[in-house]
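Enquirer: So you can see what is in the structure, the chains are spelled out below.
There are 2 protein chains.
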Amino acid sequence: MSKLVIVGTVAFDAIETPFGKTDKILGGAATYIGLSASNFGVDAAAVSVVGGDFPQEYLDLLSDRNVNVDGVEIVKDGKTFFWSGKYHNDMNSRDTLVTELNVLETFNPVVPNAYKDAEIVMLGNLHPLVQLGVLEQMTTKPKLVILDTMDFWMNIALDDLKHVISKVDVITINDEEARQLSGEYSLVNAAKKIHSMGPKYVVIKKGEHGALLFHNDDMFYAPALPLAEVFDPTGAGDTFAGGFAGYLAKTEDLSFENMKNAVIYGSTLASFCVEKFGTERMVNLTQEDIKNRLKQFKALTQFNIQS
Amino acid sequence: MSKLVIVGTVAFDAIETPFGKTDKILGGAATYIGLSASNFGVDAAAVSVVGGDFPQEYLDLLSDRNVNVDGVEIVKDGKTFFWSGKYHNDMNSRDTLVTELNVLETFNPVVPNAYKDAEIVMLGNLHPLVQLGVLEQMTTKPKLVILDTMDFWMNIALDDLKHVISKVDVITINDEEARQLSGEYSLVNAAKKIHSMGPKYVVIKKGEHGALLFHNDDMFYAPALPLAEVFDPTGAGDTFAGGFAGYLAKTEDLSFENMKNAVIYGSTLASFCVEKFGTERMVNLTQEDIKNRLKQFKALTQFNIQS
Numbered sequence: 001m002s003k004l005v006i007v008g009t010v011a012f013d014a015i016e017t018p019f020g021k022t023d024k025i026l027g028g029a030a031t032y033i034g035l036s037a038s039n040f041g042v043d044a045a046a047v048s049v050v051g052g053d054f055p056q057e058y059l060d061l062l063s064d065r066n067v068n069v070d071g072v073e074i075v076k077d078g079k080t081f082f083w084s085g086k087y088h089n090d091m092n093s094r095d096t097l098v099t100e101l102n103v104l105e106t107f108n109p110v111v112p113n114a115y116k117d118a119e120i121v122m123l124g125n126l127h128p129l130v131q132l133g134v135l136e137q138m139t140t141k142p143k144l145v146i147l148d149t150m151d152f153w154m155n156i157a158l159d160d161l162k163h164v165i166s167k168v169d170v171i172t173i174n175d176e177e178a179r180q181l182s183g184e185y186s187l188v189n190a191a192k193k194i195h196s197m198g199p200k201y202v203v204i205k206k207g208e209h210g211a212l213l214f215h216n217d218d219m220f221y222a223p224a225l226p227l228a229e230v231f232d233p234t235g236a237g238d239t240f241a242g243g244f245a246g247y248l249a250k251t252e253d254l255s256f257e258n259m260k261n262a263v264i265y266g267s268t269l270a271s272f273c274v275e276k277f278g279t280e281r282m283v284n285l286t287q288e289d290i291k292n293r294l295k296q297f298k299a300l301t302q303f304n305i306q307s
Numbered sequence: 001m002s003k004l005v006i007v008g009t010v011a012f013d014a015i016e017t018p019f020g021k022t023d024k025i026l027g028g029a030a031t032y033i034g035l036s037a038s039n040f041g042v043d044a045a046a047v048s049v050v051g052g053d054f055p056q057e058y059l060d061l062l063s064d065r066n067v068n069v070d071g072v073e074i075v076k077d078g079k080t081f082f083w084s085g086k087y088h089n090d091m092n093s094r095d096t097l098v099t100e101l102n103v104l105e106t107f108n109p110v111v112p113n114a115y116k117d118a119e120i121v122m123l124g125n126l127h128p129l130v131q132l133g134v135l136e137q138m139t140t141k142p143k144l145v146i147l148d149t150m151d152f153w154m155n156i157a158l159d160d161l162k163h164v165i166s167k168v169d170v171i172t173i174n175d176e177e178a179r180q181l182s183g184e185y186s187l188v189n190a191a192k193k194i195h196s197m198g199p200k201y202v203v204i205k206k207g208e209h210g211a212l213l214f215h216n217d218d219m220f221y222a223p224a225l226p227l228a229e230v231f232d233p234t235g236a237g238d239t240f241a242g243g244f245a246g247y248l249a250k251t252e253d254l255s256f257e258n259m260k261n262a263v264i265y266g267s268t269l270a271s272f273c274v275e276k277f278g279t280e281r282m283v284n285l286t287q288e289d290i291k292n293r294l295k296q297f298k299a300l301t302q303f304n305i306q307s
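Order-wise, the sequence lines are chains P and V.
All letters in the first sequence, in the order written, are residues 1 to 307 by UniProt numbering.
All letters in the second sequence, in the order written, are residues 1 to 307 by UniProt numbering.
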């Protein structure tokens, strides 16, 4: 069992979808990644920041699942990062209604001493300099560094982003962002260009169309589970990344063959995330649920051609 | 080995893509289906119509691959169906520039006597009444009838289309058309509605995002092979259908498990079709090519989770 460090936002989200809307609920990249990774019983630590307005019960929710929150700074007189968004009818696109950075504006991440030798580091979506700051605190070189990012940082901090990209082993990014970062329309060519920026493994997330894992000339594809209703896509990408990282931390096998399995577990966990608002489905997930969903993924994708 | 009857257009196409443009070249649904199915060495017959302007060498090209053309009527003083289209830069959408129905306007399909007892009938994209006319000529009830159609017929002949849909076992249709036909956005719900119209098996084609096979509550997903360049998507859907039908005709196993394999072969063959203009890649395909490509599909999709 490897130790896993997770950096990312811990936030309030307010979400509107065609199925309804929420008040401020628990959200943030590190939250979704932590909840997802916790299904593998790993020893994980979240590195993040919240304000004095953040309920202790939300932090307890992570601790209870073996996600250490010593690295979640509480700024007593500050306010927690707040995001609000509205999804369109097709659920594939959304408008951001509100972004209040609040305590994120001056965030200096601190990795707890006990996790500075973690074998796996998951850099969730945050300013590239914060991601880099976490990497620089590791006293032992991690066996695997995974980076998630988004177009926002490409638009305002591309040089910093490219610098941190050059230092990671795996990047997870969505299809449009892969095209923007590489200048290539074909995802095969986009992955090649991104390889050349540093990461040996490139994961391109295609939402309802699944995810592709690239490594040199090898490719692997995991579909998203086709669902009758996608209730709320918020956090699905982070849940995917958390499942990917958590499975690798549990199995300690960083081969391409095992990364295929990690991608399948990422998709499996993401398929739960979208079934309810926010983290609601993720906090009520059982090992039995995951086992059964994994069976559905096998039935969905595995075939037996005698050739 | 089952006998296979294929009905569909045999046509001239003129195609423009970001990579170049063609003069009038060989095209049509029955052509692509026949070329694709011929890779399984099946005893197939094409039922279609061409004008006096259609080169004998194109008909020979089908005959040489064991696709009987006795059912391809030649209207000496008529002109062959002509379609011209231009693909946009993303290759996922296209504009139709010219549609000249010509001999198709008065086409009465005639199934050759030797194929009226064929076990499998592939109704390629054509007016639903032509598709129905072929079904009505079968003297023995086919074991499997597969229907391909498009939005054009939903717009101008919906009642006729629903009538023929009620008589088939498998329908292949693209995602937008499935949504139009069912009035459901979710493909899972769309497939359920289409099931209730008659077909026990629903195949939803998602272009570069692969294809889904639905049967009651079972689902199977085959990705499209991610390619560095899609040169010309014309005929990919028909090539998919031809591979699906051809594999089932060869194996004579109509179980859901074997239909999974048929979907994989359909995707495998379609992945060749888009590599060159028109039928160019399909007429130069070897068994070795197919075997190697199938290996790529396995590497792309198969995993081994010890749970």
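Calculated from the structure, these hints are not laboratory results.
Where hints are given, some of them may not hold.
Said to hold, decoys possible - Quick list of the computed label-pair ranges, beta carbon to beta carbon:
1. V/GLY20 x P/GLN306: 34 to 42 angstroms
2. P/ASN216 x V/MET197: 45 to 53 angstroms
3. P/SER93 x V/THR99: 29 to 37 angstroms
4. P/TYR185 x V/ASN66: 32 to 40 angstroms
Beta carbons are placed, not taken as given, at the ideal position from N, Cα and C, and that holds for glycine.
Enquirer: Against this structure, judge whether each hint is valid.
Expert: Structure-based check of all given hints:
1. At roughly 40 angstroms, the beta carbons of V/GLY20 and P/GLN306 sit within the given window of 34 to 42 angstroms.
2. Remark: the range hint 45 to 53 angstroms for P/ASN216 to V/MET197 is upheld by a beta-carbon distance near 46 angstroms.
3. Remark: the range hint 29 to 37 angstroms for P/SER93 to V/THR99 is upheld by a beta-carbon distance near 33 angstroms.
4. Taking 32 to 40 angstroms as the suggested C-beta distance range, the pair P/TYR185 and V/ASN66 conforms, at roughly 39 angstroms.
Checked against the numbered hints given earlier, this structure breaks none of them.
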